[in-house]
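Engineer: For reference, the chains in residue letters:
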Amino acid sequence: MAHAHAAAHDHGHHELPFWRKYIFSTDHKVIGMQYGITALLFLFIGFAFIMLMRWQLAYPGQPLPILQNIFAETQMVGGIMLPEFYNQLGAMHGTIMIFLGVVPLAVGAYGNYVVPLQVGAPDMAFPKLNAMSYWLYFIGGVIMLTSFFLPAGGAQSGWTSYPPLSIIAGEGQTWWLIGMAFLINSSLLGSINILTTIIQLRAPGLTFWRLPYFVWAQFVTSFLLLLAFPPLMAAAVLQLMDRLAGTSFFMPSGLVVNGQALEIAGGGNPVLWQHLFWFLAHPEVYVLILPAMGIITEIIACNTRKPVYGYKALVYSVVFLGFMSFVVWAHHMFLTGMGTQMSTFFQVTTMIISIPSVVILTTLVLTLWGGSIRFNTPMLFALAFLPMFAIGGLTGLPLGLNSTDIHLHDTYYVIGHFHYVVAPGTIFALFAGIYFWFPKMTGRRMNEVLGKIHFFFSFIFMNVIFMPMFIQGLAGVNRRLYDPMQYAHNQSTQGLNVVSSWGAWLLALAQIPFIFNFFWSIFAGKKTQENPWQATTLEWTAPSPPPHGNFTVEPRVYRGPYEYSVPGRKDDFYPQSSPEGK
Amino acid sequence: MQNYGWGLPVDISTHGWQIDRLILFFHVSMFVLFFGWLAFMVYALVKFRARAGHKAEYESKHFKLPTFLEIGIAILELVLLVVFSMPIWARYREVPPDVKNSVRVRIVAEQFAWNVHYPGADGKFGKVDPKLMGASSPVGLDPNDAAGKDDIVTINQLHIPVNTPIVVDLTSKDVIHSFSLPVARVKQDVIPGQATSVWFETKQTGEFEIVCAQLCGLGHYRMRGFFVVESKEDFAKWLREQAPQQEVIETTPEAAAVPTGPSTDAPLPAAPLKH
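First to last, the protein sequences are chains A and B. Following the numbering used here, the numbering of the first sequence begins with 4 at its first residue and continues without gaps. Following the numbering used here, the numbering of the second sequence begins with 7 at its first residue and continues without gaps.
Bound conformation, chain A alone (with noise of 0.2 Å):
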């Protein structure tokens, strides 16, 4: 702990210009705050990329309203959205959403700011580093948005930027792989950050076995950041090099674009970025998920004032998660030719992966019973997120069979599926941890009125989004088409369309509140202790807001992290710092 006294001796004795304290700090909050405005910001847009995809796809062919004239002509024409563009916007939502905006915030933010302030700590264990990863990601994201401005526009082969179809593709596509470039680096930066500091900056008497489920989540999160984002590295630098240096790492030999042979070396394999890309990316679905389970956790056990139903099982099934999230990757290439043997080792671990899950759902739901449940904002979005995720979980199970796959993939039903996980599941996670913590980054109260509001629209239109899409996923209707009435077998459910985008569009009037709430509430909210919620973590024995470096007196920790309603105690909680009989 030698270090944690040195670094706590270097905080506070003089005052940084406003440039050091504000932009280029290396105060954990300070870049946990950065970190989550900046995704909050690219949520939005990612978010604003979707609605006018929605247009094209609820409308084909029609004329945007309003908005029509700030598009380039390379964009749209008349008002009506050129293919080209549709796939870049498409593209460009689920790299910003995936890589600019969730991870961000439930790693950068949240990982930044909380994880230091539960496991006692003045600062991360490598401040400069952390700031540096801010600012990669800040890089990648200027570089991710330029690329628009290009004269072929960006990205369009999808977030998965599959070769050949990426590497023949515009100049984009070499943006979106420096960007990359950048985001990976970033991730790779702050996930060692953040494991070291779990490691070596616990408080005194905070062990393994006491630290809140939260740091627990992070702390595998930040494993799976480390070992699957460098093949992806090593993968992005393979195409980098196949679009600029002539190589044929994904190229075979002997393909005819457009009527033209093209001049390469050839004798690569398209499908060998397909295993290096999904070798990361299926990691990254329990790097959107993880982070989120730990967050609503701590929301949970503070409302329902009872410790969590098995906090033991909860943490084996984390880390058996974060194990196994390794091995299914190719769940995602079972129609890519692949042979009974190697399917079925991938259904089979698709299928393990499913237990821990279930798992973590049902001893979350089982903590319900025997509390006294407070319904706030966070804990709304916090219990939205159990049935939220349960269908994503669920619906999951017939994609993970190769069988029932062969109608499935590659359907609207996969576009469901993955957003009832990442949208109504981690975002309301996402949602809840900012309601919740906001207290503490502020000194002061989100609006509560405001903020039911917030949930109860929200948790309505991101159904009336997403539910349809298993109803087209099951009739065939296939994703990323710029139009879909071109099928005939589309054509039943394109109503479906129609809701959908109205439910995306009413979504958005519904964030009003909550964006109204946050900036109303910095200045205005009502102010607060440092513990209003009565939690037992270390985080809320902090100042709120924590001064530079934290706490005013070193914490030092006797119990787990979930001591709700200990039977004889005047109070309903027992905070993780307060000695015995305190």
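These aren't lab readings, by the way, just hints derived from the structure by calculation. Misleading hints may appear alongside valid ones.
[What the hints assert, rightly or not] As a list, the in silico SDA-like pairs of lysine to any residue whose alpha-carbon atoms are at most 25 Å apart:
no., chain 1, residue 1, chain 2, residue 2
1, B, Lys137, B, Pro171
2, A, Lys315, B, Ile77
3, A, Lys573, B, Phe54
4, B, Lys61, A, Asn272
5, A, Lys315, B, Ala50
6, B, Lys137, A, Gly269
7, B, Lys53, A, Phe576
8, B, Lys53, A, Leu364
9, B, Lys137, A, Asn272
10, B, Lys67, A, Val569
11, B, Lys53, A, Asn379
12, A, Lys315, B, Met47
Let chain A serve as the given structure and place chain B on it in line with the hints.
Structural biologist: For chain B alone, kept in the frame of chain A given last:
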């Protein structure tokens, strides 16, 4: 053209009922699990809501049911995998049909069309070479190969006889496509540099669609082919009609460049088509 509704599309294949049955079984199990679980959650939320005089319990009640439920789910998944899914896949991927009675077709996908190659009267595919591919020879047939003389090449026209095993050898000229026949429960990625085969058998005639299920570029959304299942006699007649047309296709490049299809009742919207 077949009418489609909500729910699964009509199934004209001999293997599709197994897939459909498994999809149905999955969804019934999912409904039971989800609503049972949701009912418990809602009941707990109401019963244990915070109110005056109500206190949370520190000790959790120990539930035995979840353990059995977990084991039950694991066993159910195992049964679905071993008893249902694996046999379907093994038949779909591994078991070759009776070669004598089957019809073999090559499909060469390109941006944004399906080139369908029949071996012709001699039952042998002519040699092909990517170097010879062009507007006049979409699959690159070697003009010096005798086996290729009677080969039939159509664009976006897959005709097959009913009640006959069909083997489709798939390959792509340029990027990854995915050959999908939703009504026949067939979907297979078509990967350049890789030869993949699928086989299926139909039990019903009709006019349907070939769908490209993998993003393949700007025209992905209109990479639509025509899939016609007809009686064996009609199929033989169609093949005979195609054979002389072959000469026409080889001599006039324009004829090959324009995808021809049967009249369709699918309305085409006035979307800008940019190549």
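Engineer: Decide, hint by hint, whether the structure agrees.
Structural biologist: Hint by hint, here is what the structure shows:
1. Annotation: proposed proximity of B:Lys137 to B:Pro171 is violated, straight-line Cα distance about 32 Å (limit 25 Å).
2. Taking the CA atoms of A:Lys315 and B:Ile77, the gap is about 19 Å. The hint holds against a cut of 25 Å.
3. Between A:Lys573 and B:Phe54 the alpha-carbon distance is near 20 Å, which keeps this suggested pair within the 25 Å criterion.
4. With a CA separation close to 63 Å, the supplied pair B:Lys61 and A:Asn272 exceeds the 25 Å bound.
5. For a cut-off of 25 Å, the pair hint linking A:Lys315 to B:Ala50 stands: about 22 Å separates their Cα positions.
6. About 14 Å separates the Cα atoms of B:Lys137 and A:Gly269, which keeps this hinted pair within 25 Å; it holds.
7. Under the criterion of a C-alpha separation no larger than 25 Å, the hint pairing B:Lys53 with A:Phe576 is consistent with the structure, at around 21 Å.
8. Taking the CA atoms of B:Lys53 and A:Leu364, the gap is near 19 Å; set against the 25 Å cutoff, the hint holds.
9. Straight-line distance between C-alpha atoms of B:Lys137 and A:Asn272 comes to about 19 Å, which keeps the hinted pair within the 25 Å bound.
10. Note on B:Lys67 and A:Val569: the hinted pairing holds, with a Cα-Cα distance of about 15 Å set against a maximum of 25 Å.
11. Using a Cα cut-off of 25 Å, the hinted pair B:Lys53 and A:Asn379 holds, with the two alpha carbons roughly 17 Å apart.
12. The straight-line distance between the Cα atoms of A:Lys315 and B:Met47 is roughly 22 Å, inside the 25 Å bound, and the hint therefore holds.
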